[in-house]
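Peer 1: So the chains spell out like this:
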Amino acid sequence: MRRPYIPAFVFGILALIGLAIAPYMALMYAGMEKDMGFAQKIFYYHVPSAFMMYIGFALCAIFSALYLYKKDKKYDIWALCSAEVGLLFCTLVLLTGPIWAKPIWGTWWVWDAQLTLTLMLWLIFVAYMMLHSYSEDSLQSAKFRAVLGIIGFLDMPLIHYATKLWRTHHPEVVRGEEFGLPLDMKIAFYFCVLTFLMLFLAILFKRVSVEKAHDELESIKSEIRDRKAILGQLGSD
Amino acid sequence: MQYIGYMTAAYIIIWVAILLYFLNLAKREKDIWEELQGLRATLNRGESTPQDNV
Amino acid sequence: MPTFFTHTLAIFQKDLKTEWRTKERLSAMTFFAFLVILIFNFAFEPGSPIMQSAAPGIFWIATTFAGLMGLGRAFAIEKQNDCLLGLRLTPADPGAIFLGKMLGNMVAMLLLEALILPILVIFLDVEVFAVLPRLCVPIFLGTLGFAAVGTLFAAMSMNTRLQEALLPILTLPVLVPALLAAVESFRGILEGDTLSDIFPWLKLGGAFAGLFGAACLLLFEFVLED
Amino acid sequence: MNAIELSNVTRRFGHLTALRGVTLSIPEGQTFTLFGPNGAGKSTLLRIIATLGKPTSGTVHIRNIDVRESPEQVRTHIGLISHHTLLYDDLTARENLTFYAKMYGLKNKSESVDEALLTVGLADRHKDRVRGFSRGMKQRLAIARATLHQPEILLLDEPFTGLDTAARSLLSDMIFNLRAKGRTILLVTHDLAQGLTLSNHFGILKRGELVHESPTENITETELRTIYERHVGNLTQG
Numbered sequence: 001m002r003r004p005y006i007p008a009f010v011f012g013i014l015a016l017i018g019l020a021i022a023p024y025m026a027l028m029y030a031g032m033e034k035d036m037g038f039a040q041k042i043f044y045y046h047v048p049s050a051f052m053m054y055i056g057f058a059l060c061a062i063f064s065a066l067y068l069y070k071k072d073k074k075y076d077i078w079a080l081c082s083a084e085v086g087l088l089f090c091t092l093v094l095l096t097g098p099i100w101a102k103p104i105w106g107t108w109w110v111w112d113a114q115l116t117l118t119l120m121l122w123l124i125f126v127a128y129m130m131l132h133s134y135s136e137d138s139l140q141s142a143k144f145r146a147v148l149g150i151i152g153f154l155d156m157p158l159i160h161y162a163t164k165l166w167r168t169h170h171p172e173v174v175r176g177e178e179f180g181l182p183l184d185m186k187i188a189f190y191f192c193v194l195t196f197l198m199l200f201l202a203i204l205f206k207r208v209s210v211e212k213a214h215d216e217l218e219s220i221k222s223e224i225r226d227r228k229a230i231l232g233q234l235g236s237d
Numbered sequence: 001m002q003y004i005g006y007m008t009a010a011y012i013i014i015w016v017a018i019l020l021y022f023l024n025l026a027k028r029e030k031d032i033w034e035e036l037q038g039l040r041a042t043l044n045r046g047e048s049t050p051q052d053n054v
Numbered sequence: 001m002p003t004f005f006t007h008t009l010a011i012f013q014k015d016l017k018t019e020w021r022t023k024e025r026l027s028a029m030t031f032f033a034f035l036v037i038l039i040f041n042f043a044f045e046p047g048s049p050i051m052q053s054a055a056p057g058i059f060w061i062a063t064t065f066a067g068l069m070g071l072g073r074a075f076a077i078e079k080q081n082d083c084l085l086g087l088r089l090t091p092a093d094p095g096a097i098f099l100g101k102m103l104g105n106m107v108a109m110l111l112l113e114a115l116i117l118p119i120l121v122i123f124l125d126v127e128v129f130a131v132l133p134r135l136c137v138p139i140f141l142g143t144l145g146f147a148a149v150g151t152l153f154a155a156m157s158m159n160t161r162l163q164e165a166l167l168p169i170l171t172l173p174v175l176v177p178a179l180l181a182a183v184e185s186f187r188g189i190l191e192g193d194t195l196s197d198i199f200p201w202l203k204l205g206g207a208f209a210g211l212f213g214a215a216c217l218l219l220f221e222f223v224l225e226d
Numbered sequence: 001m002n003a004i005e006l007s008n009v010t011r012r013f014g015h016l017t018a019l020r021g022v023t024l025s026i027p028e029g030q031t032f033t034l035f036g037p038n039g040a041g042k043s044t045l046l047r048i049i050a051t052l053g054k055p056t057s058g059t060v061h062i063r064n065i066d067v068r069e070s071p072e073q074v075r076t077h078i079g080l081i082s083h084h085t086l087l088y089d090d091l092t093a094r095e096n097l098t099f100y101a102k103m104y105g106l107k108n109k110s111e112s113v114d115e116a117l118l119t120v121g122l123a124d125r126h127k128d129r130v131r132g133f134s135r136g137m138k139q140r141l142a143i144a145r146a147t148l149h150q151p152e153i154l155l156l157d158e159p160f161t162g163l164d165t166a167a168r169s170l171l172s173d174m175i176f177n178l179r180a181k182g183r184t185i186l187l188v189t190h191d192l193a194q195g196l197t198l199s200n201h202f203g204i205l206k207r208g209e210l211v212h213e214s215p216t217e218n219i220t221e222t223e224l225r226t227i228y229e230r231h232v233g234n235l236t237q238g
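Chains as they are written, first to last, in the working numbering: chain A, 1 to 237; chain B, 1 to 54; chain P, 1 to 226; chain L, 1 to 238.
Rather than coming from a laboratory, the hints here were simulated on the basis of the structure.
Hints are not guaranteed to be accurate.
[As the list claims (entries may be wrong)] Here are the computed lysine-lysine pairs in the DSSO-like style, where the Cα-Cα straight-line distance is at most 27 Å:
1. A:Lys212 - L:Lys109
2. L:Lys54 - A:Lys74
3. B:Lys30 - A:Lys73
4. A:Lys71 - L:Lys54
5. L:Lys181 - L:Lys109
6. L:Lys107 - P:Lys17
[Said to hold, decoys possible] DEER-style ranges, computed between Cβ atoms:
7. A:Trp108 - L:Glu72: 52 to 58 Å
8. A:Glu216 - L:Ser110: 57 to 63 Å
9. L:Glu72 - A:Ser138: 16 to 22 Å
10. L:Glu72 - P:Ile39: 46 to 52 Å
11. P:Ile122 - A:Tyr69: 36 to 42 Å
12. P:Pro200 - B:Trp33: 54 to 60 Å
13. P:Gln80 - L:Leu118: 36 to 42 Å
14. A:Asp226 - L:Thr226: 24 to 30 Å
15. L:Glu229 - A:Lys74: 39 to 45 Å
Glycine residues also receive a C-beta, built at the ideal position from the N, C-alpha and C atoms.
Model the full assembly from the supplied sequences, consistent with the hints where possible.
Peer 2: Below, the structure written as structure tokens:
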């Protein structure tokens, strides 16, 4: 009766294999950056998390638009789950960012464009989750969330531009650039991105299967209510 | 071994966070299946002995 | 599409008339904004240079919070006798309803801003009047962006369990670029910048107002429907 | 031509099915009362006819216009009276009506408003704010608002709720008037006696299904009560 959800399973296996190799790639295979030392190794997890966050929020916006257009429940489920998994990775970015910033910039938090954008996105999608929990009717909540998901996504480039512009008024902080890097670091980095993508997909598919089960439960509940009402009807005759 | 403590902290936080999320997800799933089983059982009983009107 | 604008205008006029008659929304907003400015004076040393450089921020903080309060009221009026249902029963396009409500909110906000600028001058001793014509541009753009996003989210939050309490939670994070543009433009102008000096900020403010004005206009339909 | 024609209308809200395959035709000039207990889907049905919600499946035609295709056009043919007044308390009676006249795009605004105020007997109070009106006066003004654009079809959603006896009899008089003018009226209520006297056709909605439909001719209140109880269950429960 408990059907295995195949994509979640497949991506989960791939993610596990990747995760087993990732520490080797990050710590042994990739060379040591001479200024940042081990702190630079945080990037192999931090930056892929940020990529997955963007993918999650972008998927949320796409499914939200599809939901508003088609009004099909399944798009709402996908939008909600994408937002939640995006928020998970967003949280990871926010947690690991300061840990990198402390040794390198000497302070836990810097209002740099990237960090600020991540924080704002986190706030917007926490509001998205609140909209989910504080709504009285699930259908209306789905529409409202879809609207917020789209607005939040449209806001992304504007927040980014705004914080970039804002920072020029303040001392510019030089960021560790992970792309002009030696080949070994690049290979390790892309390996980690791929691994995180598998992890992201595994979590997303799993989350969707749970949400679908929840949905099924709700429909069985309402069916039972119907049946009880009919039985009660017969009894009263 | 420069900054190895920071790196370890960051890695641990990532794995703990993902693990916690997964445990939470597993718990949610378990709750749903349990409730579903319970409902199926009452539904089958309901077929033979009509429930009270709600 | 002339009927579209007839409907927009009718709703806008109706809101102005209601407001003019009761003045409850604007007076509450202004009083609240006044209190915010007053609290800032207690929090910092009055007349100090810190206060003057903080003036643009204080202005927009006061405007934003008073504005959020006003937005909540604007939809409370429509909910009172189920008037929103009455509006939806008319042949008006949802976009026209949105635009009418948004314009009403915008005028209320602009009036509020006109009222608190002198308060800012008196309490914080900033030279606002000399640069007033220039100052109007970023204030207008900021208010437009605020009213667009705020009107959409106010209609949404009215239908949740938290009602108006959810409005700032939804609105403020989204509004960050518009507020940043508004505050930085204000600061630049106070420091003697011309409009072309602060053009990047005006561009941002304009882009925000344009993008979200259009997006909210289109999305409002989904907020209204059953 | 049928004023209202629903064919196989189903409406689902998530897991909740509010309407299940409702098929109903109301010819022009008929006064139709829809009875049913709370949660039977009466309001949902009314809102779908008023173009406020779209059916999940099935079609709705108002005066041969498809509701899904041109809701704006349908809205000009429909007036709705509910237990809410849909009026702005801080505007005067005249301002309220003028506002709605603009929204409906009426040509002779002031004449229509004058006439409407006269019909409901509020001509002398037209300059007063609605806030100060009694419940009955508000309801009269609500009727003026709903009929301002001369709709052929009137939808009445529990209009008697919260009215005192005087206002109730006034409202039923007005409904008779509109009926005499040949308007099609769809009344939703759970007040059996009131619905029976006002209408010439009735239906019973139960759990989203139209379980009974017949003319009201030769049906006494006791008979109606028996029919209703047979379908819906004991009346005292609901």
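Peer 1: Against this structure, judge whether each hint is valid.
Peer 2: Verification of the supplied hints:
At roughly 54 Å between alpha-carbon atoms, lysine 212 of chain A and lysine 109 of chain L are farther apart than 27 Å, so this suggested pair is violated. Taking the CA atoms of lysine 54 of chain L and lysine 74 of chain A, the gap is about 19 Å. The hint holds against a cut of 27 Å. At roughly 23 Å between alpha-carbon atoms, lysine 30 of chain B and lysine 73 of chain A fall within 27 Å of each other, so this suggested pair holds. Restraint check for lysine 71 of chain A and lysine 54 of chain L: the C-alpha separation of about 11 Å stays at or below 27 Å, so the hint holds.
The suggested pairing of lysine 181 of chain L with lysine 109 of chain L holds, with an alpha-carbon distance near 22 Å, which does not exceed 27 Å. Between lysine 107 of chain L and lysine 17 of chain P the alpha-carbon distance is near 22 Å, which keeps this suggested pair within the 27 Å criterion. Here the CB-CB span from tryptophan 108 of chain A to glutamate 72 of chain L is close to 56 Å, well matched to the stated 52 to 58 Å. Distance hint check for glutamate 216 of chain A and serine 110 of chain L: the Cβ-Cβ separation is about 59 Å, which falls inside the suggested range of 57 to 63 Å.
Separation of glutamate 72 of chain L from serine 138 of chain A is about 29 Å and departs from the stated range, judged on CB atoms against 16 to 22 Å. Checked against the given bound of 46 to 52 Å, the beta carbons of glutamate 72 of chain L and isoleucine 39 of chain P, roughly 49 Å apart, stay inside it. For the pair isoleucine 122 of chain P and tyrosine 69 of chain A, the supplied restraint of 36 to 42 Å is violated, since their beta-carbon distance comes to about 52 Å. Between proline 200 of chain P and tryptophan 33 of chain B the beta carbon distance is about 55 Å. The supplied range of 54 to 60 Å therefore holds.
Between glutamine 80 of chain P and leucine 118 of chain L the C-beta distance comes to about 27 Å, which lies outside the given range of 36 to 42 Å. Against the hinted window of 24 to 30 Å, the Cβ-Cβ separation of aspartate 226 of chain A and threonine 226 of chain L comes to about 26 Å, which satisfies the hint. Range check, glutamate 229 of chain L to lysine 74 of chain A: about 42 Å between beta-carbon atoms, so the 39 to 45 Å window is met.
When each numbered hint is compared with the structure, violations occur for hints 1, 9, 11 and 13.
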